[in-house]
Every structure is written in structure tokens, then in C-alpha cells.
Amino acid sequence: MTEATTATTATTATTATDRGTDPNSDPVAAHWAARLAQAAARHRVPGASLGILHQGRMIAEAATGMANLGAGIEATTDTLFQIGSISKVWTTTVAMALVDQGLLELDAPIVSVLPELRLSDAELTKGVTLRHLLTHTSGIDGDFFADTGRGDDCLEKFTALLGDVPVNHPLGATLSYCNTGFVLLGRVLEHVTGVQWDELMRERLYRPLGLTHTATLPEEVLSFRAAAGHVGEPPVLAPVWGLMRSAGPAGLICSTPREVLAFARLHLNGGLTDDGVRIISAQSATAMQTAQFEVPDPYMLGHAWGLGWLLDEWDGHPVYGHDGGTVGQSAFLRVLPGSDLAICLLTNGGDTHGLYRELFQEIVRDVAGVAMREPLTPTADPEPVNPGDYVGLYERLSTRIEILERDGGLVMRHTPTGPLAHLMPEGDPETPMHPVRPGLFLIQHPGMEGWFPMVFYTLADGTPYLHHGARATPKVG
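In this note's numbering, the protein residues as written are -8 to 468.
Read the hints as simulated data drawn from the structure, not as lab findings. Where hints are given, some of them may not hold.
[What the hints assert, rightly or not] Simulated DEER-style distance windows between Cβ atoms:
(1) P375 x E96: 47 to 55 angstroms
(2) D452 x L411: 16 to 24 angstroms
(3) H22 x G154: 48 to 56 angstroms
(4) G201 x D91: 15 to 23 angstroms
(5) R109 x D331: 40 to 48 angstroms
(6) L94 x P373: 45 to 53 angstroms
(7) G267 x D331: 17 to 25 angstroms
(8) L94 x T281: 20 to 28 angstroms
(9) V104 x G47: 35 to 43 angstroms
(10) P410 x P375: 40 to 48 angstroms
Predicted model, so just to flag it, every value in this text is computed and none were measured. Even glycine gets a Cβ: it sits at the ideal position worked out from N, Cα and C.
Use the sequences and the hints to build the structure in full.
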């Protein structure tokens, strides 16, 4: 039996009432355990863990495959995966708790509580607020990654470097996914509480929620069975296990689906733990789930961003959630409040987006009777477009995108740049762009079944931008 085949045969499941029992003892748990194993194999995912929370109960919890192909470590329901940028919503939740306490204000300039802040633009320094950071609208280039060491002062050191980070767009002019802003947010939380970010997460979330399998520091994670990322096709062990410590508030939490869903249940409960402890006010919980800014590309993740949460609508039902991606690991969380349903999928390589769509589509249909929003696909008769309107160079930190005309059509050439480029897959070759209508195209990345939108648009001042992968990239040539 080959390694890849072995990676998809080991499956464990638990029920809401009896962790660790035979999955066949509960038909619902057994069904979703089997579907997880089948779908993970089809999408070439080495290891995955799934949790389904419905009406306050874990109705299914399953794991399949290998946590680490090289070491031969099986994935179990207690394996810690990197939840990536889902961490941003955890950081947001603590920020909103401080808003409730009066230590922060959503629309007060950050510099009023962090006077040493210096950004590359003086007006941005004066004007950027907590709301801008939570909605990815600050304009700070979002993919600035700097390793500022393993010390407890890593966020302070990171923030001191922001004066050299370019502005991606004018303050509040558009939405561009911003890791940098959430690292800055982590430093703000440290400054106003006097507690280092990792410990602040333990104090404000992990302990009140009773979480025992959630951690950020590698030395903490290694106390448990831990998943490793895998990249490429066929999947091989990623070159590094995780990112630098300074990325913590933006994406370094590790956890299990059960404990991520305990966090989701906090938000379903309006900010209350199951024990009745209030973490954030009901008003703040509602504000986080309320649209704050429309997304220029509403087709990929959702139509709007709340405070921390991304927002969507499936079959007329509101949905909030977040995705996460680190080096070879991907995470997915969606909450349907009207159905009291939350789903978490944690993975470590392969076509993870295809696995997410296949499983979540079935789960929301079978459990809640809701149809997941259908993704865009190329049409047989697209509206005519003028290729010359889009040809050019689009660039920001970490990314260079060239749009080229080929045989009357368009292709995209994407090249990762910056300090993490060596950890990313090689840049795409000349990927064909399939027009849907003027300003909207679809591409398909190598090794993935799904289609990914590219939205071309202009800001109010007429500057052309490309929105792709949740990020706004200006045209520079």
C-alpha cells in the first residue's frame, strides 16, 4: 500500500456524548467520518479533522489520514492543526472585550492609545482606527512579514518597523486583506492591558472557554499530537512547520475542531460561555456579525466583512466565518446562526478548498436544509471584453501579478516575492483568464478543481486595482 493511500484510510470519530468510542455506535458520526475519509482521499488531502456543532451539541467529530506523512503520525480528533487566520477572529474578540471595558474605542485613532506608532504616511498614522484594522481597510500593506525574534517583545519590535511598510491604498478607500494590521492590533492589545499577546489569549479566551488543546507557541503545541503542513503534488512535508512568532495575532493559534467550535459557540451565544461567563457583550457580538464594508470581490469568500468575521449569505440565510492558511495547512470555519450550526474543517495539504466545498455543501444541506452558495464557473457565452483594459503590472508587497495578452485572450503570471516567497509554491505559469463579463474573470490554479475570481475595479480617485485572493493590488505599470 502506498503512502498516499495509507494517509486516507485511518479514520477516527467521536460522538457528542462519548469521545473515543467506536464511530459505528452513532450513525450520524459514522456517516460524516466516512464522508470525510472519502472526500479527503479524492482531494489528495494527507490529513483532516472535522467537527459539526448543531443546536449546542457536537453531532460529529472525525479525523482521517496522517498528521505527518514523513513521520507516519496518524491524525486523530485530538490532533492540533494550525487554524491560521481564524486566529484573527480570536484576536478581534479580545479587542471587543476591551472595547466593552472602555479601554479601546472602535473609531478613535490607534495613535491615541499607542502614541509611539509611526506608519509610512503621516495622515495614515493620525487617522487609522481599530475599526479600520478589524475590517482590513487601513491601507497598510497586508503581507509584511518580519521575524522579530522569539522574545515576548516580538510584536513591539514588529510595530517599530511599520514606518517602512508602504501604503497599499488610501485609508478606508477599499478592502484588502491585512495580516500586518492584525499584528499591529495584537501590539495594541498588549499595550493597553500590559499582558503579552499569547498570555492574553490564554487569560481572555482559552481558560474561560475551558480549552485544553489550544496553543500558539511551538513548545506548547508539542505537548500534543501535532499536524505538519504538506505542499506540492503529490504532497510532501512543508519546508518549515510554522511562521515567525510575530505573526501570532494574525494566524498562529493551533487547535482542534472541537475547541474551535467552542469558540464559535461563544459567538452563537451572544458572547457567553456555556458556564454563563460573559466574554464580550451581546452588542459587541452582534457588531462583529454586522456588515461594515463590502468586499470588491464578493464571489470568493463572502460579500462583506464584519468586525473580524467575513459575512456571506447562503440560500437566504446569513453566514459568518473565516478561513486560515499557513505553510501547508488550511482551516475553514462557517457558522449559520439561523440554524444554530457551526462547522470546522482543519487540513494539512492537497486540494483543501475542494474538500471544504464538497463537505460543507453536504453538511449544510443535510443538517440545516440550506443550499450553499454556488461558486462562479466559466460560461460558454461570456460577455465580450477588451483585453487592453486589463493588461499591465499589478504589484504590492509579496506579490507581482502580470496580466498579458495571448492570442486575443488574457493570461495571468503570478510571482511570489518577499521574505516568505521561498516557502510558497512556485509562481503560476501563464494561467488562462476566462472572462465572465467586463471586470470579472476566473482562473484555475494548478492542482485545484475550483475556480477563483479576479475582479478589476477602480477606486473613487480613478486608480485601477485588481482584487484577487481577498487582496487589493494596485496597477503600477
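Looking at the structure, which of the earlier hints fail to hold? 2
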